[in-house]
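Protein chains: 2
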Amino acid sequence: MFSILRINTANGDSIRESHSSTEYLLGGRTLSSRLVSREVPADCEPLGKKNSLYFCNGALSGTTVSSSDRISIGGKSPLTGGIKESNAGGVVGTRMSQLGLRAISLEGAPARDAEWQIFVIGKEGVERISGEFLAGKGVYEKSELLSEKFGKKAGCITIGPAGESLLYSAGIACSDPHGVCSRYAGRGGLGAVMASKRVIALVLKDDGEVKPEIQDQDKFKAGSRKIVKMLKENPVSSKFTKYGTAAMVDICQALKVLPTRNFTHGVMEGAEKINAQTMYDTIKERGGEGLTQHACMHPCAIQCSNVYPDKDGKLLCSPVEYETMALMGSNLCLKNLDTIATMNRIANDAGVDTLDCGAAIGVAMEAGLAEFGDNDAAIQMMEEIRNLTPLGRILASGCKIAAQVLGVLHAPHVLGQGVPAYEPRGSKGMAVTYLSSPMGADHTFGFTLRDEEVPTSKEGKVDLSKKFQVIGSRMDAMGMCNFVRYSVRDDMGPLLDLIEARYGAVLSEEEFDNMVIETLKLEHQFNSDAGIPASAHRFTETFYDERQPETGEVVDITDEETLQAMKW
Amino acid sequence: MFSILRINTANGDSIRESHSSTEYLLGGRTLSSRLVSREVPADCEPLGKKNSLYFCNGALSGTTVSSSDRISIGGKSPLTGGIKESNAGGVVGTRMSQLGLRAISLEGAPARDAEWQIFVIGKEGVERISGEFLAGKGVYEKSELLSEKFGKKAGCITIGPAGESLLYSAGIACSDPHGVCSRYAGRGGLGAVMASKRVIALVLKDDGEVKPEIQDQDKFKAGSRKIVKMLKENPVSSKFTKYGTAAMVDICQALKVLPTRNFTHGVMEGAEKINAQTMYDTIKERGGEGLTQHACMHPCAIQCSNVYPDKDGKLLCSPVEYETMALMGSNLCLKNLDTIATMNRIANDAGVDTLDCGAAIGVAMEAGLAEFGDNDAAIQMMEEIRNLTPLGRILASGCKIAAQVLGVLHAPHVLGQGVPAYEPRGSKGMAVTYLSSPMGADHTFGFTLRDEEVPTSKEGKVDLSKKFQVIGSRMDAMGMCNFVRYSVRDDMGPLLDLIEARYGAVLSEEEFDNMVIETLKLEHQFNSDAGIPASAHRFTETFYDERQPETGEVVDITDEETLQAMKW
Chain A
1 MFSILRINTA
11 NGDSIRESHS
21 STEYLLGGRT
31 LSSRLVSREV
41 PADCEPLGKK
51 NSLYFCNGAL
61 SGTTVSSSDR
71 ISIGGKSPLT
81 GGIKESNAGG
91 VVGTRMSQLG
101 LRAISLEGAP
111 ARDAEWQIFV
121 IGKEGVERIS
131 GEFLAGKGVY
141 EKSELLSEKF
151 GKKAGCITIG
161 PAGESLLYSA
171 GIACSDPHGV
181 CSRYAGRGGL
191 GAVMASKRVI
201 ALVLKDDGEV
211 KPEIQDQDKF
221 KAGSRKIVKM
231 LKENPVSSKF
241 TKYGTAAMVD
251 ICQALKVLPT
261 RNFTHGVMEG
271 AEKINAQTMY
281 DTIKERGGEG
291 LTQHACMHPC
301 AIQCSNVYPD
311 KDGKLLCSPV
321 EYETMALMGS
331 NLCLKNLDTI
341 ATMNRIANDA
351 GVDTLDCGAA
361 IGVAMEAGLA
371 EFGDNDAAIQ
381 MMEEIRNLTP
391 LGRILASGCK
401 IAAQVLGVLH
411 APHVLGQGVP
421 AYEPRGSKGM
431 AVTYLSSPMG
441 ADHTFGFTLR
451 DEEVPTSKEG
461 KVDLSKKFQV
471 IGSRMDAMGM
481 CNFVRYSVRD
491 DMGPLLDLIE
501 ARYGAVLSEE
511 EFDNMVIETL
521 KLEHQFNSDA
531 GIPASAHRFT
541 ETFYDERQPE
551 TGEVVDITDE
561 ETLQAMKW
Chain B
1001 MFSILRINTA
1011 NGDSIRESHS
1021 STEYLLGGRT
1031 LSSRLVSREV
1041 PADCEPLGKK
1051 NSLYFCNGAL
1061 SGTTVSSSDR
1071 ISIGGKSPLT
1081 GGIKESNAGG
1091 VVGTRMSQLG
1101 LRAISLEGAP
1111 ARDAEWQIFV
1121 IGKEGVERIS
1131 GEFLAGKGVY
1141 EKSELLSEKF
1151 GKKAGCITIG
1161 PAGESLLYSA
1171 GIACSDPHGV
1181 CSRYAGRGGL
1191 GAVMASKRVI
1201 ALVLKDDGEV
1211 KPEIQDQDKF
1221 KAGSRKIVKM
1231 LKENPVSSKF
1241 TKYGTAAMVD
1251 ICQALKVLPT
1261 RNFTHGVMEG
1271 AEKINAQTMY
1281 DTIKERGGEG
1291 LTQHACMHPC
1301 AIQCSNVYPD
1311 KDGKLLCSPV
1321 EYETMALMGS
1331 NLCLKNLDTI
1341 ATMNRIANDA
1351 GVDTLDCGAA
1361 IGVAMEAGLA
1371 EFGDNDAAIQ
1381 MMEEIRNLTP
1391 LGRILASGCK
1401 IAAQVLGVLH
1411 APHVLGQGVP
1421 AYEPRGSKGM
1431 AVTYLSSPMG
1441 ADHTFGFTLR
1451 DEEVPTSKEG
1461 KVDLSKKFQV
1471 IGSRMDAMGM
1481 CNFVRYSVRD
1491 DMGPLLDLIE
1501 ARYGAVLSEE
1511 EFDNMVIETL
1521 KLEHQFNSDA
1531 GIPASAHRFT
1541 ETFYDERQPE
1551 TGEVVDITDE
1561 ETLQAMKW
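Protein chains in written order, with our numbering: chain A, 1 to 568; chain B, 1001 to 1568.
Because the hints were derived from the structure by calculation, they are not lab data. Mixed in with the good hints, there may be bad ones.
Dumping the calculated DSS-like pairs for lysine-lysine here, alpha-carbon to alpha-carbon at most 30 Å [what the hints assert, rightly or not]:
1. B:Lys1153 <-> B:Lys1205
2. B:Lys1050 <-> A:Lys567
3. B:Lys1137 <-> B:Lys1149
4. A:Lys152 <-> A:Lys205
5. A:Lys521 <-> A:Lys50
6. A:Lys153 <-> A:Lys273
7. B:Lys1123 <-> B:Lys1049
8. A:Lys229 <-> A:Lys153
9. B:Lys1458 <-> A:Lys49
10. A:Lys232 <-> A:Lys242
11. A:Lys153 <-> A:Lys314
12. A:Lys50 <-> B:Lys1567
13. B:Lys1050 <-> B:Lys1137
14. A:Lys314 <-> A:Lys239
15. B:Lys1050 <-> A:Lys458
16. A:Lys152 <-> A:Lys284
17. A:Lys458 <-> B:Lys1049
18. B:Lys1458 <-> A:Lys50
Model the full structure from these sequences, guided by the hints.
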């Protein structure tokens, strides 16, 4: 049996329910999207009281299996107007497991001007306390205050000032193993949804005593070891161990899909100044608190995270990831890792998604508010976000709204969500994926780039995208880190064996994939019921009309092809 | 035969086409909405090159008939995402008639960074000249520069800095009889559409020699006199002659539908400080250039316009109308006509709609950016718009986007267009009208308020709204001033007789109304094809959940009722 803790945020009441269905067994996006689909009226206002917010850990949460403790957060997104699942690493999933929880929901909403509240969840139950002492503070300070009050080992979930202000790029920050809320479910504005319920933090106390009951200990241990071996031997994930995701800079530059100058180019001269080797060398050289390898959750055999130190070796930002390096780096023609790390740190403190803010700053630069390549101006724009100035609010509203307000026509988004770090004109597979995602432009969804023989050709890309939509979604579907997918893409057996050893439940790969596909169908149905039109599944017209200089390409994916890629 | 001048804004080419169909005979919204519906792909980007902008005068344009020379401007709206017709008074319609034109279209678009252009239309043809000398200047200065260059009698159409910046509340300003571009087609952001084609002004030279060929002079003269008599004797329009539309302040206060404090209340204490009598007395007392009665076009027997003078008797703003007095007055708890007139003047200079900006400032005040009732802060916010600061851009993007960026849930709009000056919880007829308009919340469309026995009851209001949707749309349908409707609401004969006398064309009231209804159907179909969902035809959830204190009412119109009011 699996438990969901339902919290009524209007009056503080809570109730635990038990379920035994496969959706609860798998948890993750399998569960969060089903709960949203079933319980949230598709046409409600994302920041109104009819929306709910769900936190779901995954099938192998709380066990010794590497990279198995992502937490999926689901709800209706203010950014896309559709269903959203955004997931994060950290320790929250484990704490939920220790308290015997598969899911937590935040339902309803108190009056718009109600006091900020914190729900503290422990083995004795749920306590509602005032959250006013956190109001207006940055996420780093919030983390310290929460650690002081509940200990560094508590699993905390909080939002930044941007979330409190209901901004659409506001994410939800979850505790890392050091008690810092630095692991972000960043996308889709779920931080604003949490704030709309006047919930400024959720705390999972470290007093849980529930241990996973493993049905077949030997098989489980062997399976767990096998996963570690696979991750360490896999050429992609093992490369991430040394270089982190920054390894993508050179790959994307070579493929001419490195977002540059507000997505008008796919190549940045000087990209080597922000590539993986430069980052690696910088971190090693500076030493101090810097780490080229770092785990966002325990256990993890990949450890793609890092700690980027400042010139004195003190932690500046952890982690700095490729998507951020592109959206806040090349996209703004910035060639300075310190600038990117500083912007990233401010984003984490403000509680905003680095991709959506990077995309919005690119739009602002195109509008002439600053020069591309101006490091100080870019940092200043992040300060505007942190300080919630009018400009900061525009920049933290996602690049679609930023473009509307700033009068810019070339805005890199689909469904309002900023395009990740692969220029879609140069990779038709990624273009199809962005267009057909139920979550808005998203790269963890159907990541084709590594498997496109001719990235600029659209031939076969609908099928390729669909293949990887399933491969990518499998990980979300059970709360695994997305990077595990490289090891199990051709054979989910090792993970399904672990599920069997853990629960005694036998799931074939076909049954599992059917669950994954069913999730996608429910998500698309939700969006359709929410009134999202076909024309929202497009880039701005400029991507179809104006050639990307390095490849000479435009987006040539038709509505029909997008529709095909959404049909299951 | 009727002519449309089609201008290709990408290369400056133009062509005249001739048509003889009834839609061209009637002109106005009958024609503009048909052209949009037929020629603009419903799912295109409003500021992209696939949108077109249409300027249509009406059936009795250029004649001696009172109040017959409105110009309908149509296109796809960036504000609502749907079809738009916004009309204005002034002399442009007449100048078009004198040049033998029923319609002008602006099609295509040059490169995004192309030079600003002006199309100058005269009896010798169309000339394209650089418009760079107007760039960035306010509409008052633009008017002077255009008058200097083309004479005060030219019919000029221009946009303000807000339009140039592609802001969604940007209107299109048309010359009044004094050569000032003060007659606004304000709603729906059509100014931004014009700017997206890099057209900063259109000039209709005063060299046209075409005179209306009247088929039956005697009948026409008699009919024209009859209209004047009817307008002068009608209790509503005759009241507008003395007081202008400001007469509505007391009526709405009494009915508890005067938008107050960001549409949270329907009554403002001290409303008499901004009512019609106060305005009348102030204008009379100050004298100078002030006028309580003023015609926006010639001829007009109503003359509801005014010239509001400053303390020294110099023109401060002309006109100041009720909708502005409510949205920029009571809605912001401002009780000072000088403040309202000053804000109105700045809006006219910036080139923005006073309703949408007033609604956005109300949202900003609710967000805490200024206190309600703070005159200086309100004027300062208009200055921010005029100066295109980040805050100004937010405020000039309409109250929906302003609310998204500023984190406010109670935002008075339908389809993104700000709610006019009748609080919808207190008038269920107006609520139905706002909800079911194809143009977003609109008051000229189906104005029920004067005919609701119990405004707070929704009984019969769908039918009442539909009745007045037709009555109101009849005027737009042939380019008549909306205030003529009071005189012909029960019998369109006098206007149809004029059409017969003018053209020899016999149109029955039923045939005419069928054209009107067909227009509505086409407009709704366009919006549906544009992907506007049913949920966009709603107020924000707060209007359904939170009672308006004075009436104790919420909006209780269901989606089904809205749909009924949209079905013909």
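Next pair to validate is A:Lys232 with A:Lys242; report whether the Cα-Cα distance is within 30 Å.
Between A:Lys232 and A:Lys242 the Cα gap is close to 11 Å, so the pair holds against 30 Å.
Do the alpha carbons of A:Lys153 and A:Lys314 lie within 30 Å of each other, as the hint requires?
22 Å, holds
For B:Lys1153 and B:Lys1205, compute the direct alpha-carbon distance and say whether it is at most 30 Å.
Judged against 30 Å, a Cα distance of about 8 Å means the pair holds.
Starting from A:Lys50, check that the Cα of B:Lys1567 is at most 30 Å away, please.
29 Å, holds
Under the criterion that the straight-line Cα-Cα distance not exceed 30 Å, is the pair B:Lys1137, B:Lys1149 satisfied?
Given that 30 Å is the threshold and the Cα spacing comes to 15 Å, the pair holds.
Are the Cα positions of A:Lys521 and A:Lys50 separated by 30 Å at most?
Roughly 22 Å between the alpha carbons, so the hint for A:Lys521 and A:Lys50 holds.
Between B:Lys1123 and B:Lys1049, does the CA-CA distance stay at or below 30 Å?
28 Å, holds
Below or equal to 30 Å on CA atoms is what counts here, so check A:Lys458 against B:Lys1049.
25 Å, holds
Does the structure keep A:Lys152 and A:Lys205 at a Cα separation of 30 Å or less?
10 Å, holds
Does A:Lys229 pair with A:Lys153 here, judged by a C-alpha cut-off of 30 Å?
Holds. A:Lys229 to A:Lys153 sits at ~29 Å (cutoff 30 Å).
Check whether the Cα positions of B:Lys1458 and A:Lys50 lie no farther apart than 30 Å.
25 Å, holds
Straight-line alpha-carbon gap A:Lys153 to A:Lys273, limit 30 Å:
37 Å, violated
Of the numbered hints listed earlier, the single one contradicted by the structure is hint 6.
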